[in-house]
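J.: Listed below, chain by chain, are the residues.
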Amino acid sequence: GQNIDQPTEMTATEGAIVQINCTYQTSGFNGLFWYQQHAGEAPTFLSYNVLDGLEEKGRFSSFLSRSKGYSYLLLKELQMKDSASYLCALSNTGKLIFGQGTTLQVKP
Amino acid sequence: SAVISQKPSRDICQRGTSLTIQCQVDSQVTMMFWYRQQPGQSLTLIATANQGSEATYESGFVIDKFPISRPNLTFSTLTVSNMSPEDSSIYLCSVDVEGGRGSSYEQYFGPGTRLTVT
Chain A
1 GQNIDQPTEM TATEGAIVQI NCTYQTSGFN GLFWYQQHAG EAPTFLSYNV
51 LDGLEEKGRF SSFLSRSKGY SYLLLKELQM KDSASYLCAL SNTGKLIFGQ
101 GTTLQVKP
Chain B
1 SAVISQKPSR DICQRGTSLT IQCQVDSQVT MMFWYRQQPG QSLTLIATAN
51 QGSEATYESG FVIDKFPISR PNLTFSTLTV SNMSPEDSSI YLCSVDVEGG
101 RGSSYEQYFG PGTRLTVT
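Residue numbers (the numbering used here), protein chains in the order written: chain A, 1 to 108; chain B, 1 to 118.
By construction, these hints were calculated from the structure, which means they are not laboratory data.
Hints may be right or wrong, so weigh each one.
[What the hints assert, rightly or not] With a cut-off of at most 16 Å between alpha-carbon atoms, the simulated EDC-like pairs for lysine to aspartate or glutamate come out as follows:
1) Lys76/A - Glu55/A
2) Lys57/A - Glu106/B
3) Lys7/B - Glu41/A
Fair warning: this is a prediction, and the values are worked out from it, not measured in the lab.
Isolated chain A, as found in the complex (with noise of 0.2 Å):
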């Protein structure tokens, strides 16, 4: 089985970084993707990483170590409008099996 544990809530403060881990214990994975999900919206796609090390994408980035069942999705210069749940979720041809979830709140 898969177990995937991620904070239930953060709260960060408007032109700060923060960093959401995400940690899982699972047989095995093709690869980790992050999400972020708006209130009342879909998913959508921040970043995927099949290798360890870090994939950075603008003011995202996403961290993988697989020998520690470890992940991050580091944000910078958080903006109002980052406020939003973030989804880690393994895949495993093409399935993906999500985490909790995390909500992030970002105040001024």
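Dock chain B against chain A, hints included.
T.: Same frame as chain A, now just chain B:
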């Protein structure tokens, strides 16, 4: 990327009836998936819609309750049968496409169908 549309965007249905949700993609894709997101919860995979063969269901989901069609590489339907209030959820289809970065790929979601069963 892929542009995915779903119909209907939302519906309110009576207990015991059935609703068919359509998912259309703007390009041919091999794999299409159906997920459910219950209120306040994360997403749960229902099944993989295979073109030319029966769908593959995850544990806890059965074909009689959630029949799926996949007539071609750009379209799929999910039917929620004999509905009860517990079926009130958002239903989303997704596809994965080549990410253009070698072996990596990206998976995209449709806008979802918000179903309320009374």
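J.: Which numbered hints are broken by the structure, listed smallest first?
T.: none
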